[in-house]
Amino acid sequence: MTNNPTLLAAVGLSKTFPGTRALDGVDFDLRAGEVHALLGENGAGKSTLIKCLTGAYRRDGGDILLEGASIDPRDTQEAQRLGIGTVYQEVNLLPNLTVADNLLLGRQPRRLGLVSRRETNRIAREMLSRYGLTIDVARSLDSYSVAIQQIVAIARAVSLSGKVLILDEPTASLDRDEVRMLFDVVRSLRAQGLGIVFISHFLDQVFDISDRITVLRNGRLVGVRDAATLDRTQLINMMLGRELSEETRDRGRGGFDYAQRARIAYVGTGRAGVIAPFDLSIHRGEVVGMAGLLGSGRTETAELMFAAAPRDGGSVNKDGKPLKLASPRDAIAAGFGFSPEDRKTSGIIGDMSVRENIVLALQARQGWMRPVRLSRQREMADDYIRRLDIRTPDAEKPIGQLSGGNQQKALLARWLATNPEFLILDEPTRGIDVGAHAEIIRMIENLCESGMSLLVISSELDELVTYSHRVVVVRDRVHVAELIGEEITTDSIVAAIAKPSPAPETSA
Amino acid sequence: MNPRLLPLAVTVLIFVVAYAVCYAQFPAMLSTRVIGNLLTDNAFLGIAAVGMTFVIISGGIDLSVGSVIAFTGVFITVMLRDTSLHPLAVFAILLGLTTLFGAAMGMIIHVLRMPPFIVTLAGMFLARGLAYILSVDSVPITHPFYEWLQSLYWLLPGKGRLTLIGGLMLLVFAFGILLAHRTRFGANVFALGGGVQTARLMGVPVARTTVAIYALSGFLAGLSGIVFSLYTSAGYSLAAVGVELDAIAAVVIGGTLLTGGSGFVAGTLIGVLIMGLIQTYIIFDGTLSSWWTKIVIGALLLVFIMLQKGLLSLADRRRSLRASGNT
Chain C
0 MTNNPTLLAA
10 VGLSKTFPGT
20 RALDGVDFDL
30 RAGEVHALLG
40 ENGAGKSTLI
50 KCLTGAYRRD
60 GGDILLEGAS
70 IDPRDTQEAQ
80 RLGIGTVYQE
90 VNLLPNLTVA
100 DNLLLGRQPR
110 RLGLVSRRET
120 NRIAREMLSR
130 YGLTIDVARS
140 LDSYSVAIQQ
150 IVAIARAVSL
160 SGKVLILDEP
170 TASLDRDEVR
180 MLFDVVRSLR
190 AQGLGIVFIS
200 HFLDQVFDIS
210 DRITVLRNGR
220 LVGVRDAATL
230 DRTQLINMML
240 GRELSEETRD
250 RGRGGFDYAQ
260 RARIAYVGTG
270 RAGVIAPFDL
280 SIHRGEVVGM
290 AGLLGSGRTE
300 TAELMFAAAP
310 RDGGSVNKDG
320 KPLKLASPRD
330 AIAAGFGFSP
340 EDRKTSGIIG
350 DMSVRENIVL
360 ALQARQGWMR
370 PVRLSRQREM
380 ADDYIRRLDI
390 RTPDAEKPIG
400 QLSGGNQQKA
410 LLARWLATNP
420 EFLILDEPTR
430 GIDVGAHAEI
440 IRMIENLCES
450 GMSLLVISSE
460 LDELVTYSHR
470 VVVVRDRVHV
480 AELIGEEITT
490 DSIVAAIAKP
500 SPAPETSA
Chain P
0 MNPRLLPLAV
10 TVLIFVVAYA
20 VCYAQFPAML
30 STRVIGNLLT
40 DNAFLGIAAV
50 GMTFVIISGG
60 IDLSVGSVIA
70 FTGVFITVML
80 RDTSLHPLAV
90 FAILLGLTTL
100 FGAAMGMIIH
110 VLRMPPFIVT
120 LAGMFLARGL
130 AYILSVDSVP
140 ITHPFYEWLQ
150 SLYWLLPGKG
160 RLTLIGGLML
170 LVFAFGILLA
180 HRTRFGANVF
190 ALGGGVQTAR
200 LMGVPVARTT
210 VAIYALSGFL
220 AGLSGIVFSL
230 YTSAGYSLAA
240 VGVELDAIAA
250 VVIGGTLLTG
260 GSGFVAGTLI
270 GVLIMGLIQT
280 YIIFDGTLSS
290 WWTKIVIGAL
300 LLVFIMLQKG
310 LLSLADRRRS
320 LRASGNT
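Chains C and P, in that order, are what the protein sequence lines are.
Oh and the first sequence: position 109 is 108 in numbering that gives the first Met the number 0, straight run, nothing missing.
Oh and the second sequence: position 311 is 310 in numbering that gives the first Met the number 0, straight run, nothing missing.
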């Protein structure tokens, strides 16, 4: 299998977006008849690489070779004609059409100018039977489970392209049996000689199905390994391991005085199916880091703590007194702040100016009956633009036009303007360049010195080690370990993350 | 049963029950004369509603229909009065104009990525304004060819008359059913209603389909205007105000999802007939104010929109239940 010829290769691929280098000279090769996993945390460049391969993005540099010939697909349609098909996590089919129409849209067989339903359905049934699926193809797609929709999407992609199949997080919303069904399909396609790129953050599944594994990190290639000779710890080290930069230290910050009463204490907070109940207390001036792989329950923890998602029972105390925490409004009133992971969809409001974005949370806390005066808004915006060094020509520029790092700083300014006691930062350094990175780390340290309590979620372990007094490790939706002070090293965090899960998900 | 068929089934059921109620009270309601009149009286609405069905299935809306009907009537009367053109030639010119008008709206919607609501609202004012410019008065049409067309009918058993315009509506519905459910164009219209972005990724020619949908609606609005002028023998720039809303109501009562992606042209026919039936009942009764028609249609619309909402949230709940069961 490993001697098969190379089917698709990317050589020195580069792609730059304003403020960030999404791909930096990445090499990737896919052989015929192999399943090749592509791994990396969010922002590592996986999806940018895929989008360059499928024509959704045009590359800035490097070359893409399909069967030895250079290609430059302008859009996904062209990539499909060349032989590269893609199936996404959110099924890219039309739920309101029948299964048969989805498979054959634009190619329906006609008789006397009219589409022949019977013939369409027959061909569709034939296509699906090759995947071991016998369903009523005349029903609309949304009457079937996501797993079946995935297989329909694969059947369509393979019938249209037929050389390379890219599966982007196909298993994210499937249960165990459905994953097995999907993997059977993938294995049979591999046996037919297709090259399959598999993207997933479920490491068990990656080891289960892949022949080779490529790891990306911060837009650069970390390495390519045979799945059979790689173990979990090595893999996680490749994904999260340390990146050299001057401003980091080796061990966590010790000497924090835990004798004082906790500022905020969560007891038995959790939600069935999302995150197991956990106890967590945060002290004045403390930075608690949170580490774990993507999808492990880090963000879910933060959402529960900010009451952005409902929780089952449990209690919250602030300064020793019970706190009513039923909605983000309560959380803001109690002096909490939350800067979410995906700033594009749940943080910034791109069409509004930097000033308006900064004032938003303060205004929400004051209530709409007491507007913040415009002169005060200007003063505040200018103050934060200067203090956080937000690079923008002026405060009235739409925030969507700023670079990622500057957007992130403006988001921070939004919460700092409310003068919070407890601030949750979910991936504050994602997708921003190295310089801005260091500034945000310095800011976190300054904030905690001024007495603020912080919870920082990050995939950058060396970064966590630098600013955390304590690190909570999350694995498979459970808080599995808590490292304090000197115990915190990148190695100890990796070890806590890598401990095999008690019940392996797939053991086929 | 396929849940997508449920709204259609409900529509058919309501129609049958309503007809049975009417029949129980006035046995004459089942005569072919009443049925013939039902088709004739609602012919213009039905034809416009076929175009509206395509627009709504694709996820859009066309508010210009009523104004285009008024413009059509005025245009025909003025052309017949001031020129010596044969009515058929006038029809051809007019249908060309309204089709281009619809195509232009579709083009603007696609190229400028404007909401159909706004674009066709502008089209509504434009067409009505053009009608005023041609003539502000109600002008009667007196042309021997018109009188001949109006006298054409096919005698049904029981002395009912299927008039030319009633028959034309049925033909347009037959054409619409084939176009929507048995052609690649029809499948593309449904695809657009399911999601423009996804449809584009799946290779649907979005620009061509969008323009064609609104051109079709413009063409059928023109045809509806011709039928309306045959029905009323006049052209008046204030005529057919709000017909687009009646058409939308008929489409929704006919089981088409107002948000697009699902629907039936045949359902629209039944929606039109339900609306006509209510009117007929009020005429038979003789004591009710004709405004009761509006009230009943309003109530029916509300029921259907709630039914659709219910079905959608049911499907959503099932899906999220499945998703959360897997984590």
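Honestly, I wouldn't trust all of these hints.
Stated by the list, open to error - Part of the chain C face toward chain P, derived, beta carbon under 8 angstroms:
| id | residue |
| --- | --- |
| 1 | T15 |
| 2 | Q76 |
| 3 | L113 |
As the list claims (entries may be wrong) - Straight-line distance between alpha carbons at most 25 angstroms, and here's what the computed DMTMM-like set of lysine to aspartate or glutamate pairs gives:
| id | chain 1 | residue 1 | chain 2 | residue 2 |
| --- | --- | --- | --- | --- |
| 4 | P | K308 | C | D62 |
| 5 | P | K308 | C | D329 |
| 6 | C | K162 | C | D62 |
Said to hold, decoys possible - Pulled from the structure, derived: some chain C residues nowhere near chain P, Cβ distances all over 10 angstroms:
| id | residue |
| --- | --- |
| 7 | P72 |
| 8 | T75 |
| 9 | L92 |
| 10 | D100 |
| 11 | G105 |
| 12 | R219 |
| 13 | D311 |
| 14 | M351 |
| 15 | S402 |
No lab work stands behind these hints: they were computed from the structure.
We put the beta carbon where it would ideally sit given N, CA and C, even for glycine.
Whether C/G105 stays farther than 10 angstroms from all C-beta atoms of chain P, as the label says: C/G105 is in fact no farther than 10 angstroms from some Cβ atom of chain P, at 5 angstroms.
So, C/L113 near chain P? Judge it on the closest CB pair being under 8 angstroms. 4 angstroms, holds
Pair hint outcome, C/K162 versus C/D62 [Cα-Cα no greater than 25 angstroms]: 19 angstroms, holds
25 angstroms limit on alpha-carbon distance, applied to hinted pair P/K308 and C/D329: With a Cα-Cα distance of about 32 angstroms, the restraint between P/K308 and C/D329 is violated, given a limit of 25 angstroms.
Can the hint on C/T15 be confirmed by a CB-to-CB distance to chain P that is less than 8 angstroms? 25 angstroms, violated
At 10 angstroms, judged by beta carbons, does C/S402 keep clear of chain P as stated? 26 angstroms, holds
Nearest-CB test (10 angstroms) between chain P and C/M351: With a cut-off of 10 angstroms, C/M351 remains clear of chain P, as the shortest Cβ separation is near 21 angstroms.
Does C/L92 clear chain P by more than 10 angstroms, comparing its Cβ with all Cβ atoms of that chain? 7 angstroms, violated
Minimum Cβ distance from C/T75 to chain P greater than 10 angstroms, as the annotation requires: C/T75 is in fact no farther than 10 angstroms from some Cβ atom of chain P, at 6 angstroms.
Status of C/R219, Cβ more than 10 angstroms from any chain P Cβ: Consistent with the label, C/R219 stays out of reach of chain P, its closest Cβ about 29 angstroms off (over 10 angstroms).
No chain P beta carbon within 10 angstroms of C/D311's: Correct as stated: the minimum Cβ-Cβ distance to chain P is 13 angstroms, above 10 angstroms.
For the hint on C/Q76, just tell me whether its beta-carbon gets within less than 8 angstroms of chain P. Interface hint status for C/Q76: holds (6 angstroms vs cutoff 8 angstroms).
Taken one by one, the earlier hints fail for this structure at numbers 1, 4, 5, 8, 9, 10 and 11, listed in ascending order.
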